[in-house]
Amino acid sequence: MTPTLLGRWQSRLFVLATAGLLWTLLLTPLLPVGFATTRETYAGTFAAIGVTAAVGLVLWEPLYQFLQQFRWEKDWPAMFTLLEGIPEGVVVFFLLRDVLGFDVRATPFLIHFGTTWLVVFLCLHGPLRVVSVRWRFRAGRLL
Amino acid sequence: MSTTDETRVSAPPARPVWDDRTPDLPDQLQRTPVWTDELVAASGIPVVDVPFVTVGGGMGSFTMVDVLRIAGVPTNQVKVLTNLRHPWENYAYLTGVSQLPPHYRIRSDASSMPDNLWGFPSYAARRAFHSRSVSGFIAPLWNVLTENVLTDYWTPLAGEVFEGMRREADRIGYWDCVAHGQARMVRKRAAGGYFTVFTTQGARKQRIIYRSAYVHLAVGWPSIRFLPDMQQFRSQHGNGYRFVNAYEPHEQVYDDLVARPGTVVLRGGGIAASAIIHRLLNDREKLGAQTRIVHVLRTYVEGPHGPSRFMRRRGKNGWAHQGFNWPKASWGGQLKMRMERLEGEERKRLWETLEGTTTPYRKGWQKQLAAARRDGVYTTVAGVIDRVDRVGDGRLGVVYRDTKGGGLRSLDADFLVDATGLIGDLRSHRLLNDLVEVTGVDRNVLGRLDVSPGFEVRSARSGSGRMFAAGAITEGAYYAPADSLLGVQYASLRTADQLAEMGFGKRIGSGRSIAQWWRFMRGVTP
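Those protein sequences? They're chains A and B, same order as listed. Quick note on full-length UniProt numbering: the first sequence kicks off at 1 and runs consecutively. Quick note on full-length UniProt numbering: the second sequence kicks off at 1 and runs consecutively.
Isolated chain B (complex conformation) (with noise of 0.2 angstroms):
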């Protein structure tokens, strides 16, 4: 595959533009935390009345409304406020800065369908009907038939889950149930349900309120990691060319290596480290560059590691090999039924067994790697990386702790490229930090929300109205997988059940569930 294509993603989506055009919200209403009616007309603020808002905009965002729709609630009881123009455009942004653009594969199984709530037929089936030749219709059933013995997972490419949103959207409605501009703040209401605070977006901003009695809250990732020494290096050589991180734009890096030989560091040992180095091989085998990597590994996994014989997990030449970001049983098995079972510090104990910077096992990757480490260009070292400073040329000096020696060892590198992750603090966010700091949720054992195992956040219930969220913000609670495309799926779901309860949508039984596929599968709205 090409890796100087055009559909790289390299602009990040709309810039949280906080609402500051806007004058500020009354003190009054920022001083209260429970919000009376009286109060919210009194600040001639419009307030709009819809049961239930979801905030993100996002993929968890995406299938709460999906799955409320096969529920059988209508579009105009459901809103989503999001300053994404599509719920797919972060997840595009992320992946594609990080080396998986539309045409690659993700780190994701073949039933794992936001677009499909039931997983079948699956994205496998999909690509298998859709060919026009016997061999490609074959390849894909065969590779999930022997996935994990004989062949890696099939994975679905970027493209093939976002075109699947863009018809599923179509279908349900969901755009007639978005209002594009930034939520500000949640707080509850002193009769019961809540408030959002929203500014839309555009040229005339307007700041609105909406009371709903529900409040799902699906806003993906706080923010991007910038560890310290990141930020130290920006703030005393002031540019971020040589030093970036994985999850920001940095085509730069790949563009100056093609044009002169160059060393590169690389410290993380996720899938965005196996993409950027795959992207960095790639372009010496296709575009001549002439690259060294230096692969920097806190944690240098020697072989096949775990705390017993049942939970030993692969590994070798420094990585963690595992299909996915989580055990498989996380999602629906036995590790998640334990997962469910336990509390607080033994909780704690089994994600910190179960997470882990893991990466999967392609034998596409693998053979690229090995012919790397034989011609020398591809060098692993087991460290964690000291200070960063700037030596002769801009050139960037890396100064590493050796943690099998332990001592200090140095060198040179043209490029620091750091793809250890994003960050879940919560106080990094504006309203998630004001419904901590002002309403007073609760945070679980990792400081994430405090969700029940039903994703509902216990500490925020107002009267008769729930507060739920979904996705990295709730990990910690009851659901390891929780920020992926199947664990989003999953939460909506489980909202979707309680919702059902309270008198807002029906359940989804056998009945109900038949009837909707057959719908879904024909292509009519639910």
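Chain A with its partners taken away, still in its complex shape (with noise of 0.2 angstroms):
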């Protein structure tokens, strides 16, 4: 890819609105929690993917974008955007627990988290192409 802050902005939040949330839906009741109601751990998905759209777009999109202005090709190789994931997730994962007081557990989340970052990732490279066939030369901005 090569998207510009506000193409980032955009990709992140439609992908992560559409197939993250589709796919949360479809995934968190099959995800090993124990005794935890469906309605807890429903709560606990959709705040994740929650979290992970707002801290993206107030600290790792404008990150991203500056460590990509030192690339002479200004592109963003696929590689970065699937290992982003790493990062993203343990601090996604340490908000939930630690600040906003989720009963999260680490292999529950690890699945979900997992993913449903690579199902965004999959939908980055390819299938968003599809639903709008400008997004590529328009540098990641669908609106």
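Hints in this document: simulated from the structure, not taken from any laboratory. Don't be surprised by glycine CBs; every beta carbon is placed ideally from N, CA and C. Heads up, some of the hints might be wrong.
[What the hints assert, rightly or not] Quick look at which bits of chain B chain A covers, simulated, 3 or more residues with Cβ under 8 angstroms: (1) 108-121; (2) 301-311; (3) 323-334.
Build the complex: two chains, separate frames, hints provided.
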């Protein structure tokens, strides 16, 4: 991808709000959460999506965009997008557990966050271009 | 891979046979910049009405027709005027003679697909799913995942691109739109729109005038660059055996060098130079040629270079390295956005920063070059060739100015291959020259056609008619990679969007895009 900051924001929000939410909706009831109620589990997974979007907007995307400036091609290789999931996941986990007070456990979180990240990653590298044929020429902007 | 393979292209596509066997156009038409229907009728030349005409019939015309078909335009509304048998003919010829035949990797990324507007699934995915082994499935996908980080860019083979285009041409009914022959000129029509004069190909040449609301120009590079020293040498010594251009057939160079030891001087630092060196070194390794290569680089790149920490390109051992012809963000990233916002001198400066001759960094090539350097078989000199003389035995005496020391030096060579590229001077193309001289279209900061960010030739508006252009002839406008597979596709999309606003075809919104993509995937007509 060769995004601008605006393109990064829009792409992140759009894919999380569509594929990310849909995947979360389908996956949540299947997570190994012991005796937690479905309602509590959904609260946790939806919060994870929300926090991923929010922290991404204010922290990660501006940081990635800054780092991208050191690249002559002004591109963001696919692998970077995939690996971003590691620091982002760690931050979201601790924010949910220690700041926002959700009762999140490592295993279900890892399954949910990891697979959602993969779904988002795959959507960004192909299917999104079918939804918007101009997306790739507009530096990731949909609007 | 074999380097003496029968699939190598060595004959140019149909030569541009000017319509000289047909009677010349009436003076009245030639002298009048804007034609009326009466004037054309008086000439007696048959007139054919069609809303959209694209001149060229190469990659640019193909993507244009493809996008229009996806936008819902029927085949009888579009005419492709061309002297090519198929859209990739000239491309295959130029890449073939410059040593990138169909089974070689071209310099284009996995999702720059003239046959697939969405670029998904990409060439890499296509190859993975056509593979019959697990490693064959994983390798291309792993490569695109890690490209430009752990691995070099994944690139398709030229033949994969052509094969995909053939399939797409069949699907969209491209062949029904084609008229073979020579487009001679495009003139404005007084009542709006354009007249395009065309001479049909074949035994019986017939002149036809197409009357259309829209004209699209995608004629490619106006000509091959023959630098003055080459022209002078050829006019003096009368043959093109030893001093050749990379973009003309020059198999004799390789054949001769396999038969006897020799020295080749190569000029240019781009992909063609890389491919030619690769061929020469392969011939050494596989056919036992005793070739020495002296590579003359006008700009010797010592290392990373550029105006600032944020604009620094890789380079080493004389070469400047970059994945593709332009930095990746020129196609649809921040560099593209910036270019679109700039005018005049500022835009020219950005063009100058981004352009420059580069070649992709490919591990295989680097290894081969390093070994050749070690063996003294391949040497690089920083210099500009001053003149080329003929010395004993018909060999060449190459005199060059050393750009480091400044003095003149000379070396004897058996062959000189000029790989400095193609030129885009509008005047060397008859139809474009007529547009500039008679219709008076504007030229941009680089002297090519001035087009809007949406690829409209603004100065050629004719009533409700619109003229568009794509490809190399628009370089200097608002889109740097105009002359690339993805670039001509982007131009087509922008053109189709404006046409849709005027009621020709429908806008490709999300709904149409998804539905059309699904038809594409199933291989049914748009």
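Results of checking the hints against the structure:
Given a C-beta distance limit of less than 8 angstroms, the hint that chain A covers the segment 108-121 of chain B holds, as 6 residues qualify and 3 suffice. Figure legend: the segment 301-311 of chain B, annotated as covered by chain A; annotation consistent (4 residues with Cβ-Cβ distances under 8 angstroms, at least 3 required). Chain A is given as covering the segment 323-334 of chain B, and this holds because 8 residues of the stretch bring a CB closer than 8 angstroms to a CB of that chain, at least three being needed.
The structure meets every hint from the earlier list without exception.
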